[in-house]
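For the sequence shown, position 116 (counting from the first letter as 1) is numbered 123 according to this note's numbering, and the numbering increases by one without interruption.
If you are wondering where the hints come from, they were derived from the structure by calculation, not from laboratory data.
Backbone N, C-alpha and C define an ideal beta-carbon position, used for all residues, glycine too.
All clues stand as given, with none of them false.
Derived pair list, reagent style DSS-like, types lysine-lysine, alpha-carbon separation capped at 27 Å:
{"no.": "1", "residue 1": "K141", "residue 2": "K177"}
{"no.": "2", "residue 1": "K201", "residue 2": "K232"}
{"no.": "3", "residue 1": "K307", "residue 2": "K177"}
{"no.": "4", "residue 1": "K232", "residue 2": "K269"}
{"no.": "5", "residue 1": "K270", "residue 2": "K232"}
{"no.": "6", "residue 1": "K177", "residue 2": "K111"}
{"no.": "7", "residue 1": "K201", "residue 2": "K235"}
{"no.": "8", "residue 1": "K307", "residue 2": "K235"}
{"no.": "9", "residue 1": "K201", "residue 2": "K270"}
{"no.": "10", "residue 1": "K269", "residue 2": "K307"}
Here are the in silico distance ranges between beta carbons for each label pair:
{"no.": "11", "residue 1": "Q221", "residue 2": "E32", "range": "21 to 27 Å"}
{"no.": "12", "residue 1": "D57", "residue 2": "T34", "range": "19 to 25 Å"}
{"no.": "13", "residue 1": "D249", "residue 2": "D57", "range": "44 to 50 Å"}
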Amino acid sequence: MAGRSVVVGVGHYLPERIVPNSEFEKTLDTSDEWIRTRSGIERRHFAADDETTSDLATKAAEAALVDAGLTADDIDAIILATSTADLTFPSAATMVQARLGMTKGFAFDVQAVCAGFVFALGNANALILSGQAKRVLVIGAETFSRIMDWTDRSTCVLFGDGAGALVLEKQEGRGTSDDRGILATDLNSDGRYKDLLYVDGGVSTQSTGHLRMQGNQVFRHAVEKLTKTAEIALERAGLTCDDVDWIVPHQANIRIIQGTAKKMGLPMENVVVTVQDHGNTSAASIPLALSVGKQRGQIKPGDLIVTEAIGGGLAWGAVALRW
8 MAGRSVVVGV GHYLPERIVP NSEFEKTLDT SDEWIRTRSG IERRHFAADD ETTSDLATKA
68 AEAALVDAGL TADDIDAIIL ATSTADLTFP SAATMVQARL GMTKGFAFDV QAVCAGFVFA
128 LGNANALILS GQAKRVLVIG AETFSRIMDW TDRSTCVLFG DGAGALVLEK QEGRGTSDDR
188 GILATDLNSD GRYKDLLYVD GGVSTQSTGH LRMQGNQVFR HAVEKLTKTA EIALERAGLT
248 CDDVDWIVPH QANIRIIQGT AKKMGLPMEN VVVTVQDHGN TSAASIPLAL SVGKQRGQIK
308 PGDLIVTEAI GGGLAWGAVA LRW
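Turn these sequences into a full structure, and let the hints guide you.
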């Protein structure tokens, strides 16, 4: 017998305001067609002025708890992946903890930009397998609309706001690749590539800053690194790409998603795609896609999923799990 971190509930939340590509045509030298052909994005959601990352995260967490048939009292820990927390401190995770009415356990944020949710899953899995927690609420939530440079047409049209969450619970498996739950993880970073994707401000530089990205360079790294990390995670689980039912990738750009699927030898019919509706929601994109994929009836119990992401840092990684 072997302990496994099994997904027992999933949920998401999107802000009410939907922003179609056409809205950018009023202020930028761009077009719906230009944005669609380069990114696959058709629309995205933006948080209301009085809506914060912890607000979005709480609503996604509540949805995941309902799906799991659990309450906040059943949760031992919260890990919230975000690069856009409400305050410098405390963590947005502790704000979610308070709003859920959870008075025991612990909560903290993880910051690995777009790879944040994969890193959070890896940490949650380690907490469960080491016996520090039985149930962990893992959330990805972002309000990237707060750090956009609205004069930069190459970046501001790509991002959106949203949140997704799932509940991981320790269950016993046989220690084989047929087990439900997280089967293997692979996490990586290389700080030499900071200048490819970063925000030019922060607490110790005393400014909020805006997102800056060398899109072509990020694209060049993305397909190669995402394919390799997915294959490593699968190999650690004793599996190959042929065993995969669904790739649930970070939703940054349809061309990256297509390129990675092709390199892994899987058709797009086996990929959960939400980028057209949400844009790039950074750490929220994978849990959002998992929740929407389940809602659509794509992801079913027993399905083998590989999920991978790359973001600023550069940081990248993958998780192989059986739903």
